[in-house]
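Using the sequences and the accompanying hints, generate a full structural model.
Residue numbers (our numbering), protein chains in the order written: chain A, 1380 to 1491; chain B, 2 to 114.
Think of the hints as simulated: they come from the structure by calculation, not from any bench.
Heads up, some of the hints might be wrong.
[What the hints assert, rightly or not] Only pairs whose alpha carbons sit at most 27 Å apart, straight line, appear in this in silico DSSO-like list of lysine-lysine: (1) B:Lys-10 x A:Lys-1421; (2) A:Lys-1381 x A:Lys-1446; (3) A:Lys-1381 x A:Lys-1449; (4) A:Lys-1478 x B:Lys-58; (5) A:Lys-1381 x A:Lys-1478; (6) B:Lys-15 x A:Lys-1449; (7) A:Lys-1421 x A:Lys-1478; (8) B:Lys-10 x B:Lys-58; (9) B:Lys-72 x B:Lys-58; (10) B:Lys-15 x B:Lys-72; (11) A:Lys-1381 x B:Lys-58; (12) A:Lys-1435 x A:Lys-1478; (13) A:Lys-1478 x A:Lys-1449; (14) A:Lys-1421 x B:Lys-72; (15) A:Lys-1421 x A:Lys-1381; (16) A:Lys-1446 x A:Lys-1478; (17) B:Lys-58 x A:Lys-1421; (18) A:Lys-1478 x B:Lys-72; (19) A:Lys-1381 x A:Lys-1435; (20) A:Lys-1446 x A:Lys-1435; (21) A:Lys-1435 x A:Lys-1449.
Okay, here's what each chain looks like letter by letter:
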Amino acid sequence: QKEVEQDPGPLSVPEGAIVSLNCTYSNSAFQYFMWYRQYSRKGPELLMYTYSSGNKEDGRFTAQVDKSSKYISLFIRDSQPSDSATYLCAMSMYSSASKIIFGSGTRLSIRP
Amino acid sequence: NAGVTQTPKFQVLKTGQSMTLQCAQDMNHNSMYWYRQDPGMGLRLIYYSASEGTTDKGEVPNGYNVSRLNKREFSLRLESAAPSQTSVYFCASSSDSPTGELFFGEGSRLTVL
Chain A
1380 QKEVEQDPGP LSVPEGAIVS LNCTYSNSAF QYFMWYRQYS RKGPELLMYT YSSGNKEDGR
1440 FTAQVDKSSK YISLFIRDSQ PSDSATYLCA MSMYSSASKI IFGSGTRLSI RP
Chain B
2 NAGVTQTPKF QVLKTGQSMT LQCAQDMNHN SMYWYRQDPG MGLRLIYYSA SEGTTDKGEV
62 PNGYNVSRLN KREFSLRLES AAPSQTSVYF CASSSDSPTG ELFFGEGSRL TVL
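Printed below as a string of C-alpha cells:
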C-alpha cells in the first residue's frame, strides 16, 4: 500500500464549478502538507502549504487537513480553464524537502 | 529569472549507453534534488544534495550517480541505461525556509530503447 493515495482522474468540470481534490495517507506522523500544481510538460510548482490540521485559504484556493481521518483536500472556487493541470498532493514528517512524499497526481480539466 | 535549468530536454538512448543530465540553479539555494516521474507513481526522489560537497541517496538510487559540482550545479549520470529508466527526470532546489518549498526545472524526457 502506498503511503499517499490520490485518485489519478481525469476530472473534468465546467468553468465556474467548485473543484474538490483529495488525498489519503497512512502515516499518522505526517505534519506538513502541500499541494503542487503541474502544467503539461512543465515542472511542479508549490500552490499551498499547511502545517498540521486545519484550513488555509489563498484566493480561490482552500487547503484542508483532517489528521484524524488522514485526509487532505484542495478546493478550487470559481474554477477557470487556466486551472487545468495535474495537482500533486505532498506531505512530510519533517520540514526538510528531502523527506517529502508525493501523491501520483490528479489530472484536472476545466471546460470553458 | 531562470530559476532551475535542465539539459537536455529530450534524449533517446539505447540500452547500455551512458549519459549525464545537467542541472543548474541561480537562486543561491543550498539543497538540490533529482526526481523521476512515472505514470501512476508520482515523483520519486533519486538523490539529493543538502550542500556543496555532500550527496545522499533517495528512494530509488540504483542505476544512478550524482555529482554536486558547485553550489549551482548538480548532475545525474546513468552509467548503463536500462529500459526501466525511461522516465521524466526533474531537478529541483530548495532554500532553508521552514516550508522547504521545492523549485523544479521543466524536466528531461528520457527514453531508453
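So, going through the hints one by one against the coordinates:
1. B:Lys-10 x A:Lys-1421: 11 Å, holds
2. A:Lys-1381 x A:Lys-1446: Holds, because 17 Å separates the two Cα atoms, which is no more than 27 Å.
3. A:Lys-1381 x A:Lys-1449: Given pair Lys-1381 (chain A), Lys-1449 (chain A) holds - Cα atoms ~13 Å apart, limit 27 Å.
4. A:Lys-1478 x B:Lys-58: It holds: about 11 Å lies between the C-alpha atoms, which stays within 27 Å.
5. A:Lys-1381 x A:Lys-1478: 15 Å, holds
6. B:Lys-15 x A:Lys-1449: Between Lys-15 (chain B) and Lys-1449 (chain A) the Cα gap is close to 43 Å, so the pair fails against 27 Å, i.e. violated.
7. A:Lys-1421 x A:Lys-1478: Distance ~22 Å between Lys-1421 (chain A) and Lys-1478 (chain A) Cα, so the pair holds.
8. B:Lys-10 x B:Lys-58: Between Lys-10 (chain B) and Lys-58 (chain B) the Cα gap is close to 24 Å, so the pair holds against 27 Å.
9. B:Lys-72 x B:Lys-58: 18 Å, holds
10. B:Lys-15 x B:Lys-72: 32 Å, violated
11. A:Lys-1381 x B:Lys-58: 20 Å, holds
12. A:Lys-1435 x A:Lys-1478: Since the Cα atoms of Lys-1435 (chain A) and Lys-1478 (chain A) sit roughly 22 Å apart, the hinted pair holds (cutoff 27 Å).
13. A:Lys-1478 x A:Lys-1449: Holds, at roughly 18 Å.
14. A:Lys-1421 x B:Lys-72: Answer holds: Lys-1421 (chain A) to Lys-72 (chain B) is near 24 Å, not above 27 Å.
15. A:Lys-1421 x A:Lys-1381: 25 Å, holds
16. A:Lys-1446 x A:Lys-1478: 19 Å, holds
17. B:Lys-58 x A:Lys-1421: 25 Å, holds
18. A:Lys-1478 x B:Lys-72: Status holds; Cα separation ~21 Å.
19. A:Lys-1381 x A:Lys-1435: 26 Å, holds
20. A:Lys-1446 x A:Lys-1435: 14 Å, holds
21. A:Lys-1435 x A:Lys-1449: 17 Å, holds
Violated hints for the displayed structure, listed by number in ascending order: 6 and 10.
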